[in-house]
Amino acid sequence: MGFFSDFHERGRFVKSLNATFLVLVPKKGGADDLKDFRPISLVGSLYKLLAKVLANRIKKVMGKVISESQNAFVEGRQILDAVLIANEAVDSRLKSNQGGVLCKLDIEKAYDHVSWKFLLAVLKKMGFGERWLKWIEWCISTVKFSVLINGSPSGFFQSSRGLRQGDPLSPYLFVIAMEVFSCLLRRAIDGGFFSGWMARGRSGEGVMISHLLFADDTLVFCEESQDQMTYLSWLLMWFEAVSGLKINLEKSELIPVGRVPNIEDLALELGCRVGGLPSCYLGLPLGASFKSEAVWYVVEERFRKRMAMWKRQYISKGGRLTLIRSTLSSMPIYFMSLFYLPRKVRLRLEKIQRDFLWGGGAIVPRPHLVRWNLVCMEKRKGGLGVRNLALMNRALLSKWN
Numbered sequence: 001m002g003f004f005s006d007f008h009e010r011g012r013f014v015k016s017l018n019a020t021f022l023v024l025v026p027k028k029g030g031a032d033d034l035k036d037f038r039p040i041s042l043v044g045s046l047y048k049l050l051a052k053v054l055a056n057r058i059k060k061v062m063g064k065v066i067s068e069s070q071n072a073f074v075e076g077r078q079i080l081d082a083v084l085i086a087n088e089a090v091d092s093r094l095k096s097n098q099g100g101v102l103c104k105l106d107i108e109k110a111y112d113h114v115s116w117k118f119l120l121a122v123l124k125k126m127g128f129g130e131r132w133l134k135w136i137e138w139c140i141s142t143v144k145f146s147v148l149i150n151g152s153p154s155g156f157f158q159s160s161r162g163l164r165q166g167d168p169l170s171p172y173l174f175v176i177a178m179e180v181f182s183c184l185l186r187r188a189i190d191g192g193f194f195s196g197w198m199a200r201g202r203s204g205e206g207v208m209i210s211h212l213l214f215a216d217d218t219l220v221f222c223e224e225s226q227d228q229m230t231y232l233s234w235l236l237m238w239f240e241a242v243s244g245l246k247i248n249l250e251k252s253e254l255i256p257v258g259r260v261p262n263i264e265d266l267a268l269e270l271g272c273r274v275g276g277l278p279s280c281y282l283g284l285p286l287g288a289s290f291k292s293e294a295v296w297y298v299v300e301e302r303f304r305k306r307m308a309m310w311k312r313q314y315i316s317k318g319g320r321l322t323l324i325r326s327t328l329s330s331m332p333i334y335f336m337s338l339f340y341l342p343r344k345v346r347l348r349l350e351k352i353q354r355d356f357l358w359g360g361g362a363i364v365p366r367p368h369l370v371r372w373n374l375v376c377m378e379k380r381k382g383g384l385g386v387r388n389l390a391l392m393n394r395a396l397l398s399k400w401n
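Residue numbers (this note's numbering): 1 to 401.
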């Protein structure tokens, strides 16, 4: 408690407490380039306790200073909100027979490039007091890094910008930095330089949607206008200049929605590639039919890959049941929270689970000793407690958050 009291009064702590070990984690299999690795910070336990306390305090006011377009790290908002709104906006645009452009922007090394001076200026503008600014400045500016090479530290070096992945404060500070991008877009819309999409319901009333954010995953809704692409490129350039956050145009893409004959020219103006629908946003399909079987190919492929790995091992029947309940039944939950599970897909997923439960890794199919609907019943009713995919899908689609 003395450590917390001292920091509260003086706004500082011993710099050695903020020493951080960096571990490089590959983003994908077979990573051989430095860009393919993500630095994860192993933060000291005492500092992490302090950062967690500050994070718990700052998250209570995030809803007051962060606009509704941001769905990450704000109480009452969740990842599915962003995906649902994006799909509804695309569906409304397609039904209106109007052309439009969807910009998927990728921010390069998002946490690593945030300017400290910019972040502190934004916090001050949002109304955070001098004591808070002093606390945050000390927490982010006293960091020293040491890269773990084969498990051993290799000397420390000072940082001059960026936020640490692994620091409890970092997600909230990054969302605050991204709020400036939202402000710039709103100013551009108010000035008539930019316009979003009008998403209309059955009643004919509409809601203007200009952009959606989930941390650094950004969608911008534009008209098929060369001028708007020019203004957007200027806006991204200004945002990079003040914040240090750079848009990776090689990974960003421009997606035509409806008939957009000049999409190549628009992509050339922005400097990114041309994409297409259906696309992917936050791990879920974007622009696909909600009842399409193709949406579920990814989930089925994950099931089969996991099966191929498990079938190489000897696993008892009890172990197989545990894996089905803990892993296989959980894999489609994210998709089932937004999309209807077609009957044919459900039957295929259930067959994979049945074959694994009763046959394990056997090459020759073995008989299924009990009906699957009985297996899915609760244990107190004579079942094995495996989740019923149809009922779970219905419950997830019906829930009210």
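Incorrect hints may have been included.
[Unchecked claim] Pairs of lysine to any residue, SDA-like flavour, derived with a Cα cap of 20 Å:
(1) K35 - R161
(2) K125 - P171
(3) K125 - K28
(4) K317 - R259
(5) K109 - K246
(6) K344 - T322
(7) K124 - L184
(8) K379 - P342
(9) K52 - K35
(10) K95 - R259
(11) K291 - P342
(12) K28 - K95
[What the hints assert, rightly or not] Cβ-Cβ distance ranges computed for the label pairs, FRET-style:
(13) E301 - R273: 22 to 30 Å
(14) I40 - G383: 37 to 45 Å
(15) M1 - R161: 30 to 38 Å
(16) M377 - E293: 22 to 30 Å
(17) K60 - D112: 23 to 31 Å
(18) M377 - N262: 19 to 27 Å
(19) K291 - G271: 35 to 43 Å
(20) K15 - K125: 57 to 65 Å
(21) I333 - G30: 26 to 34 Å
The hints are simulated quantities; they were obtained by calculation from the structure and are not laboratory data.
Here the structure is a predicted model, which is why all the values come from computation and not from measurement.
Cβ coordinates follow ideal geometry from the N, Cα and C atoms, glycine included.
Distance restraint between K344 and T322, which requires alpha-carbon spacing of 20 Å or less: Answer violated: K344 to T322 is near 25 Å, above 20 Å.
Pairwise hint evaluation, K246 against K109, where the allowed Cα distance is 20 Å at most: Since the Cα atoms of K109 and K246 sit roughly 8 Å apart, the hinted pair holds (cutoff 20 Å).
Taking the CB of I333 and the CB of G30, does the distance hold inside 26 to 34 Å? With a Cβ separation near 29 Å, I333 and G30 satisfy 26 to 34 Å, so the hint holds.
Within 20 Å, alpha carbon to alpha carbon, are K317 and R259? Cα-Cα ~54 Å, so violated.
Measure nothing beyond the straight line between the CA atoms of K52 and K35; if it is 20 Å or shorter, mark the hint as holding. Not satisfied, since the Cα-Cα distance of roughly 29 Å exceeds 20 Å.
Between K379 and P342, does the CA-CA distance stay at or below 20 Å? 27 Å, violated
Could you say whether the range 23 to 31 Å given as a hint is met by the Cβ separation of K60 and D112? 27 Å, holds
Distance restraint evaluation - E301, R273, Cβ atoms, bounds 22 to 30 Å: With Cβ atoms ~25 Å apart, the hint holds.
Can the restraint linking K35 and R161 be considered satisfied, given a maximum Cα separation of 20 Å? 18 Å, holds
Assuming the hint says 35 to 43 Å, is it satisfied by the Cβ distance from K291 to G271 or not? Holds, since K291 and G271 (Cβ atoms, about 37 Å apart) stay within the stated range.
Within 19 to 27 Å: is that where the Cβ-Cβ distance between M377 and N262 falls? 58 Å, violated
Assessment of proposed distance window 22 to 30 Å (beta carbons of M377, E293): 28 Å, holds
When the structure is compared with the earlier hints, violations turn up for hints 3, 4, 6, 8, 9, 12, 18, 20 and for no others.
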